[in-house]
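Colleague: Starting from the known structure of chain A, fit chains B, C and D onto it as the hints suggest.
Chains as they are written, first to last, in this note's numbering: chain A, 17 to 155; chain B, 17 to 155; chain C, 17 to 155; chain D, 17 to 155.
Any given hint might turn out to be false.
It does not matter which identical chain is used: a pair holds within one copy or between any two.
[Unchecked claim] Calculated pairs, EDC-like style, for lysine to aspartate or glutamate (alpha carbon to alpha carbon, straight line, at most 20 Å): (1) K70 <-> D112; (2) K133 <-> E49; (3) K144 <-> E49; (4) K70 <-> D57; (5) K70 <-> D110; (6) K70 <-> E49; (7) K144 <-> D30; (8) K144 <-> E29; (9) K144 <-> E61; (10) K70 <-> E21; (11) K133 <-> D112; (12) K70 <-> E150; (13) K133 <-> D110; (14) K144 <-> E21; (15) K133 <-> E21; (16) K133 <-> E62; (17) K144 <-> E63; (18) K133 <-> D30.
Please keep in mind that the hints were generated in silico from the structure rather than gathered at the bench.
4 protein chains.
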Amino acid sequence: MARMERYTITIPEDLLARYDSLIQSQGYTNRSEAIRDLVRDALIEEEWADASEKVAATVTLVYDHHFSELAHRLTDLQHHHAGLVVVSTHIHLDNDNCLEVIILRGRCGEVRALAEKMIALRGVKHGKVVHTTEGSRIG
Amino acid sequence: MARMERYTITIPEDLLARYDSLIQSQGYTNRSEAIRDLVRDALIEEEWADASEKVAATVTLVYDHHFSELAHRLTDLQHHHAGLVVVSTHIHLDNDNCLEVIILRGRCGEVRALAEKMIALRGVKHGKVVHTTEGSRIG
Amino acid sequence: MARMERYTITIPEDLLARYDSLIQSQGYTNRSEAIRDLVRDALIEEEWADASEKVAATVTLVYDHHFSELAHRLTDLQHHHAGLVVVSTHIHLDNDNCLEVIILRGRCGEVRALAEKMIALRGVKHGKVVHTTEGSRIG
Amino acid sequence: MARMERYTITIPEDLLARYDSLIQSQGYTNRSEAIRDLVRDALIEEEWADASEKVAATVTLVYDHHFSELAHRLTDLQHHHAGLVVVSTHIHLDNDNCLEVIILRGRCGEVRALAEKMIALRGVKHGKVVHTTEGSRIG
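Chain A on its own, in the form it takes in the complex (with noise of 0.2 Å):
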């Protein structure tokens, strides 16, 4: 567990007490944990502004596995970037629909790269990557 520091800001009182209420409303037990959070995400976007930093990401895509050679064009690709692909899992929505998500790590510009295929290809009806971290660099 990483070294705590104990530091003070000053802000307005109103707007503690209405941040307070947003934060209960959203699940926080603690206030501090809140704002780590706010703190953790600019970081994380700042990662990712650098093609070769070491990053984690998910990438979910929902397709219809009918759509011709689509699963197979899916599978030769996560095969081909072997070293990007942690786990992919997938659900069956119904007859037609699936959803996948396929977790990656390595550098930040070759993840990008894979995830836009993945995405680009025909027959997937919605993709979204998720930027990521591997954690250790945000305590």
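Modeller: Leaving out everything else, chains B, C and D in the frame of chain A:
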């Protein structure tokens, strides 16, 4: 597979040329597919504006598993909302850090609330929700 | 000026060091100020979730003034919502293109609807809304 | 006015029907216009990825004008970057709060840095940048 329609748009020549070069760099091999993806993105945002709409979502969490009680609370939270949680996938980033992806389905309002609660748990370093779709309404 | 409160957060040492270097690169000279900005950002998003809340907004439009009837329709739209439009500033980007910024105030729902209508006008090449605040509620 | 091209996309019937109803609610009277706007949005994001590209931007600031030295520092900052600042529009929200919109033009990297500096000034309660375009490259 959905019934297809052919629709003709008028678009400035230069705009189309620049768009072609952008989507090619993203890995699209087909211009219609890229435009359909833009259209679907806009529609999914709309789905999520209505709290009673049925949706799918993924939640990506990075956390330190040494953090007191966190893994326990996360499991508890998922069990108390078993109707919303489809599956949860977990990987070990290093000695301390885990990455977990939870796939959720249900009414938009409930899915959103559960996702916020998981992200707000003390010890979660980073959390992001992807709002996606059950697929059948977006062709 | 608002009554200030002093509040102590506990935060991992490394996280704080990395945050300090990020905000310094952004031009902040004061860490409390950077954190207050994160807090205010979160609150303003919340204000905009309630359609009846009083808000302020700016709409940025880029358009070709040769486009038939556009300037006329844009002026018309603003006059029909004179209670929402505070001021409009216009510059000439080149022979064809204009950039216009419109400052709006009013109930969130009405402000949002008027902004969408302006952006949807035929001939508007790019339009974006900034959701901001009347300022008094965020200290 | 740009040379127009006609381009036919194939798109699922249902998807198109749902999109039509969405854009109608946003005030679009023309489907091609809505799709061109999606395409332009994607291209403008791309323009801003290259620090040397010529761009336009607006910065929206809300601040308390009683805040010691802020108005002075803001004016100073704008004068030191006179080549980037086109015009600044200022309204009084109430006794304390001002809203100011600054229109900027120049190399993307410099515009971004100046915008960040203004937002980081102590006393600025809320600041947001809109990344837009000089218009000529997006038809």
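Colleague: Evaluate each hint against the coordinates.
Modeller: Hints, one by one, checked against the model:
no. : hint          : result
1   : K70 <-> D112  : between (36 Å within a copy, 17 Å between copies)
2   : K133 <-> E49  : between (36 Å within a copy, 13 Å between copies)
3   : K144 <-> E49  : between (27 Å within a copy, 16 Å between copies)
4   : K70 <-> D57   : within (16 Å within a copy, 28 Å between copies)
5   : K70 <-> D110  : between (36 Å within a copy, 13 Å between copies)
6   : K70 <-> E49   : neither (25 Å within a copy, 30 Å between copies)
7   : K144 <-> D30  : neither (37 Å within a copy, 22 Å between copies)
8   : K144 <-> E29  : neither (38 Å within a copy, 24 Å between copies)
9   : K144 <-> E61  : both (16 Å within a copy, 12 Å between copies)
10  : K70 <-> E21   : neither (26 Å within a copy, 39 Å between copies)
11  : K133 <-> D112 : neither (22 Å within a copy, 31 Å between copies)
12  : K70 <-> E150  : within (7 Å within a copy, 32 Å between copies)
13  : K133 <-> D110 : neither (25 Å within a copy, 27 Å between copies)
14  : K144 <-> E21  : neither (36 Å within a copy, 26 Å between copies)
15  : K133 <-> E21  : neither (42 Å within a copy, 26 Å between copies)
16  : K133 <-> E62  : between (23 Å within a copy, 17 Å between copies)
17  : K144 <-> E63  : both (18 Å within a copy, 16 Å between copies)
18  : K133 <-> D30  : neither (47 Å within a copy, 25 Å between copies)
In this structure, the earlier hints numbered 6, 7, 8, 10, 11, 13, 14, 15 and 18 are contradicted, and the remaining ones agree with it.
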